[in-house]
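Can you make the complete structure from the sequences, with help from the hints?
2 protein chains.
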Amino acid sequence: MTRILSLKELDIQVKKKKSFLCIGLDTDMNKLPTQYVRNALAVVNFNRQIIDATNDLCVAYKLNTAFYEAMGAKGWDCLKQTIELIPKDILIIADAKRGDIGNTSAMYAKAFFEDLDVHAITLSPYMGKDSVSPYYEYEGKWTIMLGLTSNEGAKDFQMQKMKSGKHLYEEVLETSKDWGNEKNTMFVVGATRVDALKGIREILPEHFLLVPGVGSQGGDMEEVIKAGATEEGRLLINASRSILYADDGKSFAAKAREEAMQLKLSMDIGFTK
Amino acid sequence: MTRILSLKELDIQVKKKKSFLCIGLDTDMNKLPTQYVRNALAVVNFNRQIIDATNDLCVAYKLNTAFYEAMGAKGWDCLKQTIELIPKDILIIADAKRGDIGNTSAMYAKAFFEDLDVHAITLSPYMGKDSVSPYYEYEGKWTIMLGLTSNEGAKDFQMQKMKSGKHLYEEVLETSKDWGNEKNTMFVVGATRVDALKGIREILPEHFLLVPGVGSQGGDMEEVIKAGATEEGRLLINASRSILYADDGKSFAAKAREEAMQLKLSMDIGFTK
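Residue numbers (my numbering), protein chains in the order written: chain E, 1292 to 1564; chain D, 1292 to 1564.
In short, the hints are calculated from the structure, not lab data.
Among the clues, some could well be false.
Same chains, same label: a pair holds when it works inside one copy or across any pair of copies.
[To be verified] Lysine-lysine pairs mimicking DSSO-like chemistry, simulated, CA-CA at most 30 Å apart:
#	residue 1	residue 2
1	Lys1457	Lys1420
2	Lys1468	Lys1420
3	Lys1489	Lys1309
4	Lys1371	Lys1541
Just so you know, these numbers come straight off a predicted model, no measurement behind them.
This is the structure:
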């Protein structure tokens, strides 16, 4: 366990780069630029080019484990090799959305915080406190809890009303924020839920929020920053497909950089205060 | 995609073997019998002995992915090799509790239903219908949705009351049961929740229920069967640690068989009707 980035170090990176950008390395072998063969090694090489072209513009990379698991054991190696390519001052998030009973969570924590040694992992909090507590045993590592997700299905349960009059997602945020603190916990809030973001900021005035859904899923950058940024920033705004697949030919890395640059520049409104 | 077991075939297996037993291959390298070295190959060899000693007594094996992921890429191979050792009339469940947006779920479905080719995967339904629908594209495969879990933390959210007066887990069951049907969907209900099991059976009169928590977690076999078994059976009762680690020396496989046999015999009350 060697990779650690503190809240203070993250705040500094965000301000230094004037960027909330988190790039999602949801690399799909079948969507690689046409010059690549379709195998796990090609995925690592593609990721390397993307990382080389964008690492001065972003403060985090998020690796969606599903895309690597779909390649089997080779995918797991590919995940590990990609992690090794990321500069050490950039936050590495395993987007795994795990959630299980305590003795199982302890094994997941081992997989992600020891074997892969990422800084942070996304978790589903619905099995309750004891399903999350094993991750907190790893001092310096981050858990990122699902708050309110960006997909249509968020309406099925997360946005339903509880007996207390609150929405389920509000109950989840209010309860789970006390399992850790702003120095070891972040929350996922979809960019398509801007209406809810202001209320969520009242519940979580200090926590980093990881916001997916700008770009392919239709969330609006300016609205997200207005509703979600604090004095310190405390936002990670994720884009994946719009950057990775900005071009499907030889200039994919340059186009990915252009797209990342545009996104970063559109974040400037968060740094004018 | 070659491994398929239909509801009818499962019903036949349960009746033929007079068994609801699902054996959880949550194999922890550090808990292997003392004669084993601690590596991934040893885990496969241990699993082989457990499977050889118990496959006439159980109707399902459940592989908890966390225990394999904790070994990295080798763990994924180990998962695949273990799956190959299981006789073809026995249900293979990947206990993965995945849950993510649609395009990510499609990748998990590929990982589990194509690459690993298991019959069934456990899923967290809290991200809603579109997070689960990609799994239903695989005809003949099973999804197993978290209903009410066996751990203490189930009280944090699952057992909270909704505005409708129902518990959250009841809302989840009532909504998600219509995403599929009893021929492609099962639900997880913890053995420590017997009080709730009767009500859950009223919501789900036809579905298979996967019941963990008998044994190490303290659930009572007779009560689970009385409250949960239907005319057709439709129960999978899981035991993991009590079987795998029945003995830590050379006779571990024989002791595992003894423990599995005792559990199977204690299920006889479900087959006297």
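Hints, one by one, checked against the model:
1. Lys1457 to Lys1420: Classified as both: same-chain Cα gap 20 Å, cross-chain 22 Å, threshold 30 Å.
2. Lys1468 to Lys1420: both (10 Å within a copy, 26 Å between copies)
3. Lys1489 to Lys1309: within (22 Å within a copy, 56 Å between copies)
4. Lys1371 to Lys1541: Classified as within; 25 Å inside a copy, 36 Å across copies.
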